[in-house]
Amino acid sequence: MNGFNFHRAYSIARKEVMHILRDPFTLTLALGLPVMLVTFFGYAIDYEVRNIRLAVSDRDNGPAARRLKEVFSSSGYFRLVEPGPAGPVEMLDSGRAAAAVFIEPDFSKKIKGGGQAQAQFVLDGSDNSKAAAITGYLPGIQRAAQAKLAAQTIKEPFSAETRFLYNPELNSRWFIVPGLAAIIIGLLAILLTALNVAREWENGSMELLLSTPVRPLEIITGKLAPYGALVLAGVFFVYLVSRLVFGVPFEGSHLLYLAACLLFVTAALSQGLLISVITRQQQVAMQFSMITGLLPSMLLSGFIFPVESMPAFFQYLTMLLPPRWFMAAARGITLKGADLAELAVPFLALGLLSAGMLALAIKKFKTDLE
Amino acid sequence: MNAAPAVEVKDLSIKFGDFTAVDKVSFSVNRGEIFGFLGANGAGKTTTIRMLTGLLLPSSGSALVGGLGFGDGGRGIKKIVGYMSQKFTLYNDLTVGENLDFAAGLRKLDPAYAKKRRKELFELIAFNKPLSSKVAALPGGIKQELALAAAMLHDPEIVFLDEPTSGVAPASRARFWALIRRITGLGKTVIVTTHYMDEAEQCGRIALMRTGRLIALGSPEELKASAFPGPMAEIDFNGAGSAAFIAGLEKAPGLLELSPHGMRWHAAFAAKAAMDAALAGLPPAASAALIKPSLEDVFIRLVEGAER
Amino acid sequence: MNRTLTAFIKKELTQTLRDVRMRALLFGAPIIQLTIFGLALSTEIKNIKLAVVSQPGDAVFGRVADSFYASGWFVRVGCAPGEDPYELIASGRADAVLLAPKEGLARSAERGDGKMQLLVDASNSTKARAVEAYSKNIIAAAAAREYGARGEPALKFDVRVLYNPAMESSMFLVPGVMGMLVCLITIILTAMSLTREKEMGTFETIVSAPLSDAEVLLGKTVPYILLGLADAALVVLAGYLIFGVPVRGPLWQLALAALALVVNTVSIGTFISTVARNQQQAMLGGFMFLFPAILMSGIMYPVENMPKAVIAAAYLDPLMYFVRLIRNIMLKGGDAYVLWTNLGALALMAVFAAGLAYKRFRQTLN
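Listed in order, the protein sequences are those of chains A, B and C. Using numbering that gives the first Met the number 0, the first residue of the first sequence is number 0, and each one after it goes up by one. Using numbering that gives the first Met the number 0, the first residue of the second sequence is number 0, and each one after it goes up by one. Using numbering that gives the first Met the number 0, the first residue of the third sequence is number 0, and each one after it goes up by one.
Source of the hints: derived by calculation from the structure; they are not laboratory data. Note that the coordinates shown come from a computational prediction; the quantities given were computed from them, not determined experimentally. Please note: incorrect hints may appear among the correct ones.
Below, simulated EDC-like cross-link-like pairs (lysine to aspartate or glutamate); rule was C-alpha separation at most 16 angstroms, straight line [unchecked claim]:
#1 Lys78(B) to Glu214(C)
#2 Lys48(C) to Asp105(A)
#3 Lys115(B) to Asp154(B)
#4 Lys155(C) to Glu307(A)
#5 Lys86(B) to Glu196(C)
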């Protein structure tokens with residue numbers, strides 16, 4: 000940092016802030032994206048799949064069949080629909096139903112006689128998320144139906160009582176919304192930096208800046224700091240909404256959370272800088288940021304798909320991705336109230352990766368000047 | 000070739016909302032002429048050219064370019080003129096050949112004809128680099144010459160050049176103007192905008208524009224004569240204090256124009272007698288010489304003078 | 000073909016594909032995305048870290064625990080004697096801990112209320128739900144094994160999964176990835192390339208040529224339509240070759256659906272370029288459309304499951320119709336009702352979007 004002049008960095012930062020403020024598009028995205036993500040993930044997505052359209056082919060029309068249908072509709076998951084003239088399978092083909100149940104003509108008779116009755120349950124596997132949820136509901140439906148049909152409660156000799164820690168009501172918003180910070184930082188910091196600096200290269204103004212006595216480190220700090228602040232503002236907004244609107248608990252230390260954010264922002268800004276230095280062209284920089292920035296934060300960080308469920312290769316791969324560690328730290332702090340000792344591994348990894356990215360970006364930036 | 004003018008403009012105006020960008024401009028351009036537009040930024044030069052190339056439709060007035068009007072929304076005009084816009088018109092990331100192929104495609108030229116024209120134009124601009132050279136790697140002057148070739152691929156009779164030499168090194172500018180003269184030598188008409196005075200001097204006639212109006216029109220000599228009917232002196236103070244004398248000179252009777260030119264001053268007068276009287280009190284170290292006014296003096300008098 | 004259009008196609012493709020990195024990204028991205036979606040991501044929760052705490056010599060509990068680990072969903076985490084089970088979860092070393100009753104499972108089961116306790120880390124609610132569902136089934140099966148089934152269950156479901164019996168995620172995600180990629184490439188590249196011409200000033204040369212507005216518009220968009228369709232074909236091919244994702248319906252239906260989508264997206268890209276002043280704005284504008292469009296499309300989350308207002312908005316999302324179409328054609332073999340209703344909706348939107356883009360484009364030209 001020998002000779003680093005805070006004043007010069009500050010004047011570059013001021014210029015950059017003016018640019019951002021005069022650019023309604025960037026500003027709208029930087030502030031609009033968090034709003035949109037919070038609304039969508041907070042309100043629009045219900046991780047418990049409901050309103051599943053179930054086509055019922057009832058060839059029995061007896062009392063037991065009626066009760067079975069009641070069990071389905073009172074579960075809250077299914078909405079019964081009459082099969083059209085072409086039958087339930089055709090309803091699945093055309094997507095007008097997601098599942099179908101076939102009740103045989105002698106269903107009620109069999110139940111009454113104390114025997115075992117069968118119902119065929121057919122579901123549409125072309126939408127996995129829905130199909131997986133439906134198969135998950137079936138055992139519960141079966142138990143409920145048995146109790147209702149045959150007044151038969153199977154008393155298990157032993158069972159387990161489940162206690163859900165940290166999120167007793169399994170509120171999925173508590174789980175998703177704290178993770179949004181990772182997406183916002185991962186997307187905005189990388190993309191905006193990469194594009195902004197690539198543009199300076201593209202139109203030659205970077206050469207102009209570099210021909211002045213301003214040192215490269217001052218340029219980098221000056222250009223990146225405003226974007227860091229902009230991104231942190233987005234994170235703060237998500238924090239407010241998740242606390243005030245969704246009542247997500249915050250069990251841990253705010254200071255620790257801020258530290259995690261700053262580390263991740265450093266990594267993301269450095270990554271954006273690195274991309275811009277390598278590509279120097281906006282279109283290429285954009286594509287690069289999408290693949291190395293957005294995709295990992297959304298898909299490989301554990302935001303929705305747990306890292307532990309991935310094949311071993313991808314689990315090792317995610318270790319190189321800052322968003323994975325930030326996600327672990329953020330959720331640990333907000334929901335579990337974890338302290339630094341418990342989060343030693345994520346913090347150490349995040350710190351190492353941030354330092355590595357920053358060093359790489361500065362080195363590449365400097366060698367490119369010579 | 001008939002004798003009708005290449006371009007004939009009458010009361011041409013265009014408004015953008017409440018703003019009148021070009022206000023009742025009338026002039027005509029002869030065939031084979033180099034016709035220049037001179038004016039400050041925002042004077043309406045580019046807007047006038049964009050109308051004459053069919054890119055903008057006028058709000059009122061009329062123009063005939065190569066005998067064609069705006070009846071078809073400018074399509075006919077676009078077909079017969081060549082236009083090189085102010086910004087760089089070639090693609091830096093394409094090769095010379097690819098750029099010219101695209102230019103030919105834009106005008107639906109027959110490939111064989113385009114190839115023949117390309118050869119002719121390469122000879123005209125003395126281009127000898129391979130077709131596969133990337134445009135980005137060429138020097139600025141050569142890029143502009145190539146851009147001109149691309150604009151002339153369809154062999155237009157009238158060529159419009161909007162500040163063709165801005166950002167080009169002085170030596171290359173001279174080369175480019177020699178090229179313009181060669182083109183008019185072939186019987187083409189060239190209409191060019193510039194803000195370099197030395198370039199304007201090379202035009203057959205100049206239209207001087209200010210805030211959308213045409214304020215003077217004529218050959219460089221005619222403009223000088225009409226702006227400065229009397230003599231002009233160049234005063235060199237040779238390091239002597241000038242402030243007091245200049246303050247007095249500004250009030251001298253018969254003074255038409257007084258302007259600083261680097262270390263020297265140009266002073267124009269209505270008549271010889273007025274000049275002799277005004278310069279009588281010149282400090283001893285200073286000297287004054289009779290000079291011919293330059294176009295820059297004309298520009299200062301007509302354009303900047305009107306703003307004072 | 001029109002000479003101008005050919006020239007445009009040649010020029011745009013040369014500009015976009017000359018850069019090696021751009022080629023790699025345009026054609027590598029689909030493969031990377033497919034691989035991630037196909038191999039790494041699964042909706043099934045696996046590798047749940049489970050610790051068990053019991054008194055020594057509790058054989059029945061030991062067998063229950065073993066059946067957890069044998070299920071393939073759980074991995075064993077050691078627990079030192081006397082260690083606090085809550086601490087195991089707090090530190091993240093275990094996702095769940097199964098605690099035996101104090102007196103031993105066998106004894107308490109004989110008394111009639113064999114209650115074990117399962118502590119689950121619910122900071123990931125999706126995972127917690129899966130853990131509970133898995134353990135219920137495992138425990139029920141273990142109980143039946145230990146004590147014999149008590150009476151035949153009165154009802155049995157015979158479950159069949161159609162179209163994707165193994166419930167492989169790649170089958171379900173390939174159509175989605177295809178939609179996402181086509182959208183991304185066509186919208187953002189169209190918007191950015193048009194804006195770049197305006198930024199650089201080369202657009203002035205194009206409009207100074209005697210072309211109709213439609214020719215200019217087509218010239219700047221058709222190359223990107225072709226690129227988008229090429230990428231779509233690449234995704235289908237890679238999905239088929241690498242992951243065995245079938246194409247059960249006719250290819251012409253697939254092509255028609257892709258074309259209808261691309262006309263929509265290219266129109267949107269054009270529209271964005273008429274608003275944006277530089278490439279950065281064009282890209283951001285693209286994202287403003289893409290993000291909600293992808294989230295509401297049903298690629299990742301079922302649309303029916305969303306609140307009514309969001310569903311209403313989803314009906315304006317061309318990607319939603321496309322995803323429905325493409326899943327139906329690829330996995331179900333193409334149902335006439337689905338094909339014509341969704342294709343009709345897409346076509347209607349395409350006409351509207353193209354008309355709007357054309358109108359805006361003409362306004363900016365003049």
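Evaluation of the provided hints:
no. : hint                   : result
1   : Lys78(B) to Glu214(C)  : 15 angstroms, holds
2   : Lys48(C) to Asp105(A)  : 46 angstroms, violated
3   : Lys115(B) to Asp154(B) : 11 angstroms, holds
4   : Lys155(C) to Glu307(A) : 33 angstroms, violated
5   : Lys86(B) to Glu196(C)  : 11 angstroms, holds
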